[in-house]
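The primary structure of each chain is shown beneath.
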Amino acid sequence: GAGVSQSPSNKVTEKGKDVELRCDPISGHTALYWYRQRLGQGLEFLIYFQGNSAPDKSGLPSDRFSAERTGESVSTLTIQRTQQEDSAVYLCASSLWAGNEQFFGPGTRLTVL
Amino acid sequence: RKEVEQDPGPFNVPEGATVAFNCTYSNSASQSFFWYRQDCRKEPKLLMSVYSSGNEDGRFTAQLNRASQYISLLIRDSKLSDSATYLCVVNMGTYKYIFGTGTRLKVLA
Numbered sequence: 164g165a166g167v168s169q170s171p172s173n174k175v176t177e178k179g180k181d182v183e184l185r186c187d188p189i190s191g192h193t194a195l196y197w198y199r200q201r202l203g204q205g206l207e208f209l210i211y212f213q214g215n216s217a218p219d220k221s222g223l224p225s226d227r228f229s230a231e232r233t234g235e236s237v238s239t240l241t242i243q244r245t246q247q248e249d250s251a252v253y254l255c256a257s258s259l260w261a262g263n264e265q266f267f268g269p270g271t272r273l274t275v276l
Numbered sequence: 004r005k006e007v008e009q010d011p012g013p014f015n016v017p018e019g020a021t022v023a024f025n026c027t028y029s030n031s032a033s034q035s036f037f038w039y040r041q042d043c044r045k046e047p048k049l050l051m052s053v054y055s056s057g058n059e060d061g062r063f064t065a066q067l068n069r070a071s072q073y074i075s076l077l078i079r080d081s082k083l084s085d086s087a088t089y090l091c092v093v094n095m096g097t098y099k100y101i102f103g104t105g106t107r108l109k110v111l112a
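Protein chains in written order, with the numbering used here: chain H, 164 to 276; chain V, 4 to 112.
Bear in mind the hints are in silico, worked out from the structure with no lab data behind them.
C-beta atoms are modelled at their ideal positions from N, C-alpha and C, and glycine is treated no differently.
Among the clues, some could well be false.
[To be verified] Here are the simulated lysine-lysine pairs, DSSO-like style, with alpha carbons at most 27 Å apart: (1) V:K45 / H:K178; (2) H:K174 / V:K48; (3) H:K174 / V:K82.
[Claimed, not checked] Computed footprint of chain H on chain V, listed as stretches where at least three residues anywhere in the stretch have a Cβ under 8 Å from a Cβ of chain H: (4) 14-24; (5) 31-38; (6) 64-77.
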């Protein structure tokens, strides 16, 4: 079956621009997660959705970052006024319920010039 | 102390060798455990969940030791394609997944 998909796969933007990253979870998965992974580093938790509510936004690095989810479907992560330190791979994962096995999308590689 | 600790490696082993990784966790209330592999510049892929009774999937065997708070991954008959970073992941029964920093494995021809 279809896995988690993300778009775009690569995004190069100029400092100060806004970007929007999209995630399509596995159908039927109620839980959705966003992580950030800088080059050579581990995964950094950003935000979790259960359905379309976000009980935990504590991982969002600043108020330039926001995310939303439509029902138990697509999620978008928006970064406003991008900075060079935002350059990283942004990974989305979904699971049937929180605590189950997570399945990751291929990520969006963001480069801020 | 880190919540999840792994030896970063690299573990360099010849093809056909058996190699084992351990991962220790600090919170005794941890409920579920997973091993993922991550290839360079790719996303983590679920290798296997780790059950209390231990579980095996082909050449891969995972064990959980709750008393000593560690999980292990054993790879038998290593293949070149097993070269990757292996991530230990611990879950508290909620949405919080704690990722180890990974152990790098290089299988040499």
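The hints, checked one at a time:
1. V:K45 / H:K178: 25 Å, holds
2. H:K174 / V:K48: Between H:K174 and V:K48 the Cα gap is close to 23 Å, so the pair holds against 27 Å.
3. H:K174 / V:K82: With Cα atoms ~34 Å apart, H:K174 and V:K82 exceed 27 Å; violated.
4. 14-24: violated (count 0)
5. 31-38: Holds, because 3 residues of the region 31-38 of chain V bring their Cβ atoms closer than 8 Å to Cβ atoms of chain H.
6. 64-77: violated (count 0)
Hint violations for this structure: numbers 3, 4, 6, all remaining hints satisfied.
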